[in-house]
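Undergrad: In case you want the letters, here they are:
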Amino acid sequence: MDKFTTLTGIAAPMPLVNIDTDMIIPKQFLKTIKRSGLGVNLFDEMRYTPDGKEIPDFVLNQPAWRESQIIVAGDNFGCGSSREHAPWALLDFGIRCVISTSFADIFFNNCFKNGILPVVLPQEAVDHLMDDAKKGANARITVDLENQTVSASDGTSFAFEVDAFKKHCLLNGLDDIGLTMEKSAAIDAFERANAMARPWA
Amino acid sequence: MTAPRTLYDKIWDDHVVHTSEDGTCLLYIDRHLVHEVTSPQAFEGLRMTGRKVRAPEKTIAVPDHNVPTTAGRETHIDNEESRIQVEALDKNAREFGVVYYPVTDIRQGIVHIVGPEQGWTLPGMTVVCGDSHTATHGAFGSLAHGIGTSEVEHVLATQTLIQKKSKNMKVEITGKLRPGVTAKDITLAVIGKTGTAGGTGYVIEYCGEAIRDLSMEGRMTVCNMAIEGGARAGLIAPDEKTFQYVMGRPHAPKGAKWEAALAYWKTLFTDEGAHFDKVVTIKGEDIAPVVTWGTSPEDVLPITATVPAAEDFEGGKVQAAQRSLDYMGLTPGMKLTDIRVDAVFIGSCTNGRIEDLRAAAAILKGRKLAPGVRGMVVPGSGLVRLQAEEEGLAQIFQDAGFEWRLAGCSMCLGMNPDQLAPGERCAATSNRNFEGRMGRGGRTHLMSPVMAAAAAITGHLTDVREIMAEAV
Ligand code: SF4
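Chains A and B, in that order, give the protein sequences. Under the working numbering, the first residue of the first sequence is numbered 1026, with each subsequent residue one higher. Under the working numbering, the first residue of the second sequence is numbered 89, with each subsequent residue one higher.
By construction, these hints were calculated from the structure, which means they are not laboratory data. Given the structure is predicted, the values throughout are model-derived calculations rather than measurements. You can trust all of the hints, since none of them are fake.
Result set (BS3-like, lysine-lysine): computed pairs, CA atoms no more than 27 angstroms apart in a straight line:
(1) K1138/A - K253/B
(2) K264/B - K366/B
(3) K140/B - K1192/A
(4) K342/B - K146/B
(5) K354/B - K98/B
(6) K255/B - K366/B
(7) K371/B - K423/B
(8) K1208/A - K1192/A
(9) K342/B - K354/B
(10) K342/B - K329/B
(11) K140/B - K1208/A
(12) K354/B - K264/B
(13) K98/B - K1208/A
(14) K345/B - K146/B
(15) K1059/A - K140/B
(16) K423/B - K405/B
(17) K371/B - K329/B
(18) K1138/A - K252/B
(19) K366/B - K405/B
(20) K140/B - K1191/A
(21) K1059/A - K146/B
(22) K1208/A - K146/B
(23) K1191/A - K252/B
(24) K258/B - K366/B
(25) K329/B - K264/B
(26) K179/B - K1059/A
(27) K140/B - K1028/A
(28) K1138/A - K140/B
(29) K252/B - K1208/A
(30) K98/B - K258/B
(31) K253/B - K1208/A
(32) K1028/A - K1191/A
(33) K1078/A - K1160/A
(34) K264/B - K281/B
(35) K252/B - K1192/A
Excised from the complex, chain A in its bound form:
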């Protein structure tokens, strides 16, 4: 998992409330053998016509937001099915942070497992950032996990809360595997002892 420390980037404004995981990645893309590669199908049904053409009005199809790394979203982002394909698709597209007033619980946790930071802020803060996001490449938003702040392009800074352990894991890029790898000295030692005691294994 990639570390998340600070991020300055373009934010896509998606003021729609209740964006569910079916919208984020429709079910026909769950048969994949991959976690990666889902980015092209992110928001598939909002983004493409049934015959596969881009819908020009959709935010991520517009030149100003094609390179977005942040989404500023309406309430209750990520509700619906628990599919981990949703954060996989966001990440593959390049989104590392989603800002909203609220998130669905499972999606919220799945984000952390995949190196995405979901930030919960009060309505006024989200409104302020939404305005910024609407300016596209002209207004970059900065997210600082260490200091737990989000700064708008005019310098206004908003503080956010995050679980200390989740913060630790994200700052250091640690998932379960990462955490186990912190114990690699113990694994090395075990392997050495094992090679003596049970050389056939």
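Knowing the structure of chain A, use the given hints to seat chain B with the ligand on it.
TA: This is chain B with the ligand only, laid out in the frame that chain A set:
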């Protein structure tokens, strides 16, 4: 002096890398078996994070679930998703440098048959695979678990698994088995007695004279279905038979290492007075040839019984039994031996080994499939297939009218082209009779290879002892 320990305790203790304050352990994994269905996202995860497979020489990959069992599969797989998964395994295995048996390799087969056959599975080891029937390897006195895809990635990257210890359960089968009764009947009878949740939270150690008397193949059949009893793993203490089976296998230790291994393996037994949290005892002579009538592996009855009624059960099982009866198209009170079959499937990781094929062939020799019945034999590995051909078993099956297929999971789960049609009824040597398992709407009766052979001859579920009594 340490307190007396069970076999499970001993293997566990020898593999703990680290223990957290809350008792969660990091367990070292000696062998990681990999197949095409549950591994693609795990390898992908490694690629995305720039990680390597920590111990490629302890990681063994083989495609089995999706592969067709007909000729030409090396060059073409019709179903696109299956083909993509098989190709992904091929690419991942080569890129990450793990041990690999592609479909073109004579050693290819069902992962749980290939592991022991090649000597990867050894006593006292921890073995995992992204497949619940990994319990099979417990027959060698190894601790063998099924794991999920995220855990597959964890093991690939770290060669360890985060685990909490299970409780100890002892299943003792005393005395001798009667003629016509096999390892499959033992394991089904245990599930029939304990239920599919009876083993939940436990690791089972099978013991007793009837278990000792079983061959290694039979012991694998017993452990294979520990999972159907809800247990995480099932194991059997290694003995001379185990050592004989292992000796000389390609990846078994040789020379001085063999001697050292043998000395260690001989310490792998449950100490006198060790504590079991749960004990189940069944008399070997009480076990009859059994079949399943419903859609849960616990729906087990002796072949001499009749189809039960939903009212015979209690609680939530009443509704489940009714649903099973409807799905299976059975009427309460009818004799099990009056149930006609359309197909017979001999194979799977439960009963796809050479001994299973020998046993079925012994019944089928000189006989024919009943008219209208479709028969399929799918050896568990390319080597089992070869051996069966050399021993003349393949000829017996073909003379009887069976299709003689290439190795793979085949009909056991119908992810490949081998499937039942809706409403088709099958006598099967596999391990799951769930709705739709062998194909949408397909009806599965689980049984031993000899019982499946008997059903093939008569066209209905049959007590194999009657066939055995007939002189050929
Ligand atoms: S034979 Fe059946 S149970 Fe065994 S590994 Fe294959 S699909 Fe799973």
